[in-house]
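S.K.: Chain residues, written in single-letter form:
Number of protein chains: 2
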Amino acid sequence: MAVYTDVDDDALAQFLTEYNLGEVLSMKGIAEGVENSNFLLETTRGRFILTLFEKRVAEADLPFFIGLMDHLALAGLSCPTPIHGIDGRALRRLAGRPAVIVSFLTGMSPRRPTVKQCASVGTALAGLHEAGRGFALTRENALSLAGWRRLVADCVTRADSVRDGLGRTIADELAFLESHWPADLPRGVIHADLFTDNVFCIGDDVSGIIDFYFACNDFYAYDLAICLNAWCFEPDGAFNATKAMALSRGYTAARPLSVAEAAAVPVLARGAALRFLLTRLYDWLNQVPGALVRPKDPIEYLNKLRFHAQASGPETYGITSA
Amino acid sequence: MAVYTDVDDDALAQFLTEYNLGEVLSMKGIAEGVENSNFLLETTRGRFILTLFEKRVAEADLPFFIGLMDHLALAGLSCPTPIHGIDGRALRRLAGRPAVIVSFLTGMSPRRPTVKQCASVGTALAGLHEAGRGFALTRENALSLAGWRRLVADCVTRADSVRDGLGRTIADELAFLESHWPADLPRGVIHADLFTDNVFCIGDDVSGIIDFYFACNDFYAYDLAICLNAWCFEPDGAFNATKAMALSRGYTAARPLSVAEAAAVPVLARGAALRFLLTRLYDWLNQVPGALVRPKDPIEYLNKLRFHAQASGPETYGITSA
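Chains A and B are the protein sequences, given in the same order.
Counting along the first sequence from 1, when you hit position 128 you're at 128 in UniProt numbering, and nothing is skipped either side.
Counting along the second sequence from 1, when you hit position 27 you're at 27 in UniProt numbering, and nothing is skipped either side.
Watch out, some of these pointers could steer you wrong.
Just a few of them, taken from the derived set where beta-carbon distance is under 8 Å, the chain A residues facing chain B [as the list claims (entries may be wrong)]:
no. : residue
1   : 8
2   : 25
3   : 28
4   : 29
5   : 30
6   : 31
7   : 32
8   : 112
Pairs of lysine to aspartate or glutamate, EDC-like flavour, derived with a Cα cap of 16 Å [to be verified]:
no. : chain 1 : residue 1 : chain 2 : residue 2
9   : B       : 296       : B       : 35
10  : B       : 296       : B       : 283
11  : A       : 296       : A       : 197
12  : A       : 296       : A       : 193
13  : A       : 296       : B       : 6
14  : B       : 116       : A       : 10
15  : A       : 116       : B       : 10
16  : B       : 55        : B       : 283
17  : B       : 296       : B       : 197
18  : B       : 296       : A       : 6
19  : A       : 55        : A       : 6
20  : B       : 55        : B       : 35
These are computed hints drawn from the structure, not numbers from a lab.
Predicted, not measured: the structure shown is a model, and the values here were computed from it.
Note that the Cβ used here is the ideal one computed from N, Cα and C, for glycine as well.
The following block holds chain A by itself, in its conformation from the complex:
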């Protein structure tokens, strides 16, 4: 949950004169996204989400994120569509922060996804990968090997304060991934954070994908590995192979995996688990007193990492290649 910046009615009215959106009927700060301030804005022209970017999002990346949403929406993906002002620009400033208005999507994030929702998110992820083709801008994945290396260096000495032996485990895992990470696989725009909070469903079907603020260029199969981590473990830590098979088949039915991609899934899943373990560990070790966001438990991802390290192969994830 997060609403960091207050926007008053005068400032909003002034801001909206730069758009063709009619008059404000209501605006409510909403508890969505942990990186930005989000408001549900209703005008005489419809409902929208107003996002103010807080410090954690680099301003230089905003043209990539906003251009990507434009591109994906135009390609038919159900995602927030940036609303352009009268001057054609989608990105401007409000309350001293970069700000954008995007279209509102209906649907609810599943807290404990069903097997059918897992299948649907697999299909939606493949659709996102297809829709991203041809997007002109690129953004390096700041949270791949080089980024993990920096995070390990930052956290390794204090990691054992969270769990005995954790420092050694993450150093060993990084070493393993450095030597086993795929050199090349099909790549393009990936979401890189497709957790259940970033997916809306109506019933069993995905109705929309949001929060593209970690999107970047990387292996498509790595995005699938992130989803397997995020969607296919139960609250008690158990891996749900039925959900994994549904998700993988949903994906591969729409975008078949090459033999190399399929073979790489277990190591990509380890990498994805290490990525979330490290960012959670970093946030855990660097809590700001009085912060409004409670950090998530890093140990959840240590357990997932251990599962992936013991996986017998892609078949563990219901993965078959084309």
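Starting from the structure of chain A, add chain B where the hints point.
M.R.: Below, chain B alone, put in the same frame as chain A:
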């Protein structure tokens, strides 16, 4: 801002089977109200606010609050209307908490109200007082003299840690109010917390009043005095007499004040200022480490209190009697 309790999609779907509200299309935690968890809920039947009552609201008071909203809405006031379940009940439980669904109101809370908005809120307050007549339940004002006495006893010894001499000031003020508080004035249901956050406007006009969780039975003119405190001071602390006159005239045009009510306004305004000074001081002195709500500055109300103590009479507030 506040969203304290998480409601998952399964629990919500189950809860909604007890209503005739169709299927869920979206639900978002909203940053509204500091006492409860609020969600904007959209279903195939429309938009609603789902409120979960957290610890600060006494469960025994809920039938009063919910019955009052039913009564006021039926009398034509633009306020949230409780939605009754298939079994006729409006109050039930969700996620272990008392919960209610009410209708959604459009409008935006003014941050810095205009003179016309002050006039409109005066009229709306009189309308609320009229609409409350005939409501069968009653609730004592827990934050009148007896409540202040308890708060002064709790805070007085530590008050000087906030501002030198504050302990003496609040003890003296309480003594003054004990001996000058009106014995009897016209009374009925009052809102008791009609700050700008609890009022929605569209343009210059009040479009709705929300948050009845301090409502109680007390002097009508005390409610007007609370509004004068909440709406007629500028951010720099200056009393805006033009706004006060607009608010008072908006009120008295719809519900004229008796001579005794008009004469009592300065002392009622002092009481209202002490009430918010004391609750803010209490929250300031009893901050919970890691709490998600930042306490409001009590000193703002010390300054308002000083203003009222020097007011020459009801004319300071643009008040005339019938």
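S.K.: Going through the earlier hints one by one, which of them does the structure break, listed in rising order?
M.R.: Per hint list: zero violations.
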